[in-house]
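Trainee: Hey, can you work out the whole structure from these sequences and the hints?
Number of protein chains: 2
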Amino acid sequence: MFRAISTLLASLTLAVPTIAENPIAIVIHGGAGTILRENLTPDVEAAYRDKLAEAVRAGHAVLADGGTGREAVIAAITLMEDSALFNAGHGAVFTHEGRVELDASIMDGSDLNAGAIASVTRVRNPIRLADRVLSHSPHVMLVGEGAEVFAADQGLPLVENSYFHTDRRRKALQRAIDEEREALSEDTGDIPVIVDDKHGTVGAVALDQYGNIAAGTSTGGMTNKRFGRVGDSPIIGAGTYADNRACGISATGHGEYFIRAAVAHDICARVLYGNRDLQTAADEVIQQQLVAMGAEGGVIGLAPDGTVVYSFNTAGMYRAAISSAGELSVGIYGESESMVSK
Amino acid sequence: MFRAISTLLASLTLAVPTIAENPIAIVIHGGAGTILRENLTPDVEAAYRDKLAEAVRAGHAVLADGGTGREAVIAAITLMEDSALFNAGHGAVFTHEGRVELDASIMDGSDLNAGAIASVTRVRNPIRLADRVLSHSPHVMLVGEGAEVFAADQGLPLVENSYFHTDRRRKALQRAIDEEREALSEDTGDIPVIVDDKHGTVGAVALDQYGNIAAGTSTGGMTNKRFGRVGDSPIIGAGTYADNRACGISATGHGEYFIRAAVAHDICARVLYGNRDLQTAADEVIQQQLVAMGAEGGVIGLAPDGTVVYSFNTAGMYRAAISSAGELSVGIYGESESMVSK
Numbered sequence: 112m113f114r115a116i117s118t119l120l121a122s123l124t125l126a127v128p129t130i131a132e133n134p135i136a137i138v139i140h141g142g143a144g145t146i147l148r149e150n151l152t153p154d155v156e157a158a159y160r161d162k163l164a165e166a167v168r169a170g171h172a173v174l175a176d177g178g179t180g181r182e183a184v185i186a187a188i189t190l191m192e193d194s195a196l197f198n199a200g201h202g203a204v205f206t207h208e209g210r211v212e213l214d215a216s217i218m219d220g221s222d223l224n225a226g227a228i229a230s231v232t233r234v235r236n237p238i239r240l241a242d243r244v245l246s247h248s249p250h251v252m253l254v255g256e257g258a259e260v261f262a263a264d265q266g267l268p269l270v271e272n273s274y275f276h277t278d279r280r281r282k283a284l285q286r287a288i289d290e291e292r293e294a295l296s297e298d299t300g301d302i303p304v305i306v307d308d309k310h311g312t313v314g315a316v317a318l319d320q321y322g323n324i325a326a327g328t329s330t331g332g333m334t335n336k337r338f339g340r341v342g343d344s345p346i347i348g349a350g351t352y353a354d355n356r357a358c359g360i361s362a363t364g365h366g367e368y369f370i371r372a373a374v375a376h377d378i379c380a381r382v383l384y385g386n387r388d389l390q391t392a393a394d395e396v397i398q399q400q401l402v403a404m405g406a407e408g409g410v411i412g413l414a415p416d417g418t419v420v421y422s423f424n425t426a427g428m429y430r431a432a433i434s435s436a437g438e439l440s441v442g443i444y445g446e447s448e449s450m451v452s453k
Numbered sequence: 112m113f114r115a116i117s118t119l120l121a122s123l124t125l126a127v128p129t130i131a132e133n134p135i136a137i138v139i140h141g142g143a144g145t146i147l148r149e150n151l152t153p154d155v156e157a158a159y160r161d162k163l164a165e166a167v168r169a170g171h172a173v174l175a176d177g178g179t180g181r182e183a184v185i186a187a188i189t190l191m192e193d194s195a196l197f198n199a200g201h202g203a204v205f206t207h208e209g210r211v212e213l214d215a216s217i218m219d220g221s222d223l224n225a226g227a228i229a230s231v232t233r234v235r236n237p238i239r240l241a242d243r244v245l246s247h248s249p250h251v252m253l254v255g256e257g258a259e260v261f262a263a264d265q266g267l268p269l270v271e272n273s274y275f276h277t278d279r280r281r282k283a284l285q286r287a288i289d290e291e292r293e294a295l296s297e298d299t300g301d302i303p304v305i306v307d308d309k310h311g312t313v314g315a316v317a318l319d320q321y322g323n324i325a326a327g328t329s330t331g332g333m334t335n336k337r338f339g340r341v342g343d344s345p346i347i348g349a350g351t352y353a354d355n356r357a358c359g360i361s362a363t364g365h366g367e368y369f370i371r372a373a374v375a376h377d378i379c380a381r382v383l384y385g386n387r388d389l390q391t392a393a394d395e396v397i398q399q400q401l402v403a404m405g406a407e408g409g410v411i412g413l414a415p416d417g418t419v420v421y422s423f424n425t426a427g428m429y430r431a432a433i434s435s436a437g438e439l440s441v442g443i444y445g446e447s448e449s450m451v452s453k
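Sequences listed follow chains A and B, in order.
Number 292 in the numbering used here belongs to position 181 of the first sequence; there are no gaps in the numbering.
Number 161 in the numbering used here belongs to position 50 of the second sequence; there are no gaps in the numbering.
By construction, these hints were calculated from the structure, which means they are not laboratory data.
Every residue gets a Cβ at the ideal spot worked out from N, C-alpha and C, and that includes glycine.
A couple of the hints might just be wrong.
[Said to hold, decoys possible] Simulated coverage check for chain B against chain A, where a stretch passes if three residues somewhere in it have a Cβ under 8 Å from a Cβ of chain A:
| id | region |
| --- | --- |
| 1 | 165-178 |
| 2 | 239-251 |
| 3 | 255-263 |
| 4 | 337-345 |
| 5 | 348-361 |
| 6 | 366-378 |
Mentor: Okay, structure coming up:
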């Protein structure tokens, strides 16, 4: 009964017709980091809020129209990949060699099927390629040129690498290279850790009216990355995980730590085996384990009943949701201002 | 007291001097699959048993000599990578294009540090490169040519791809291509699933006298693989996981399912959050969840007290261990003949 009313409210609030009896919900992120109010002009802040609202509405419209969780995740992430505001698709960060290499993954919580791609340079929407790996190949993960050949076979739109380029990210690369040069003056023989503006990995988690949870993540990785570095975004269990019994999770942050802690799967496992609710599980991993490891970042998640979850140990995380009650919320900074409804 | 006696027994049995007070143990695998007694000649079976015993002894010698779990894992896996008996290093399977592409990972349970590499073609011992990623880079995962550049920077031995080639694996590729051609006569538009001889991924888990567990895995992947396919072996949480609080795990099997189920991390999580012992946790994942998904394979593992664990849902798994009591065991087929001491 409560579920039916929630859905009715969702329909009314958004004025989208739906015959759904079950809750639908969606939550998205556009990266976590040292995002402070004093560093964003009102115009830039408004641009982020508008794009986040547009993306989460696009995903919700798919759900309200009877679409699947995977389709909603793809709709929301595609809009963010196409926006220069985020570190995914157009506007992604540069590698050390001055090109863009993209990673993405998607998972369906109904059957634990998954698709992931890493280090692709010509696929306009990496999240769509990850979904084709899920649906049209016997594999889960494809990397590099092989993944591009598969993309071409699948008829997905290919672009020149320059399509992804923006001046803002090119300048960030130059800064990173300059900082690295300074760091190397005290050379230890190892590869220096580049302190980086890691904001901008995008992700989405959606619960459809069929009770299925899907999660997806897409990124350009780290500015100045090299050696074919792959972060957590395309790693099933680290950046993305979905299991109808427990959770859908998409992560953003210092990817190496997120892989080592198997963040997305660990949160789900604490729910499944440790009887935590999803918010508690997410907080244990993000606020305790990752903090103890010295790692920054955050996650978004949905519980099987549609409860929206955020946890981040950074100053801010670009985020938005439409709850099972149909309420839109958009947030950028820390919890106090948190999810001001828009 | 029991631990001290165990260690004493280990010393006596192996005649290796040690001043360790804590238990040491090591377990290795050389792949799981439809390995049946009637398909192995006595000579071939003896060759596998000898090489497994040699590899596990090499790892144990490192531990008895005060070496770390990581060093023991590397010693054991390097011997199997160098042997044509296994699908790793020399003797690995061919890709569709007729070359060898190798994946490996290693994890240290003391600090959850990890290293992984995928799709390398010239690094003689991939497990050593994975360990250099762990110890000498700020990253966890490097793929493709970038990983080779890093290997060269690190001074690791590089070889021509032909070093890895064997006639046996070249014939397996031809068989797979022929079978695929038949399968394609009933083309569905998707990539056909190739039924493959997947035996041979290798792995090791070691507990050192400092109480640290390390786990590693190395493979050539699937015969006839293409599109830059990456399986579970280099995925931290899928093919490999180690956490001193709960477990070390190395997996072998149908990699796509092992990624989707996050096998290695899930087994550890069931111990940590669900209070299972490690054998129960491994059996739940391998004998129940994976069987329900239709996936074949197995795992080896060590608990923090040195208890050796195996679980496989295939006819056989090449495996060997030296327990904390110093007992060597080597096994190939199902549980009935299981771990006959050699």
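Trainee: Each hint needs a verdict: does it hold in this structure or not?
Mentor: Each hint, compared with the structure:
1. 165-178: The restraint on the region 165-178 of chain B is violated, since only 0 of its residues have a Cβ under 8 Å from chain A and three are required.
2. 239-251: holds (count 5)
3. 255-263: holds (count 6)
4. 337-345: holds (count 6)
5. 348-361: n = 3 at 8 Å, threshold three: holds.
6. 366-378: Holds: 8 residues of the region 366-378 of chain B have a Cβ under 8 Å from chain A.
Checked against the numbered hints listed earlier, the structure breaks hint 1 alone; every other hint is satisfied.
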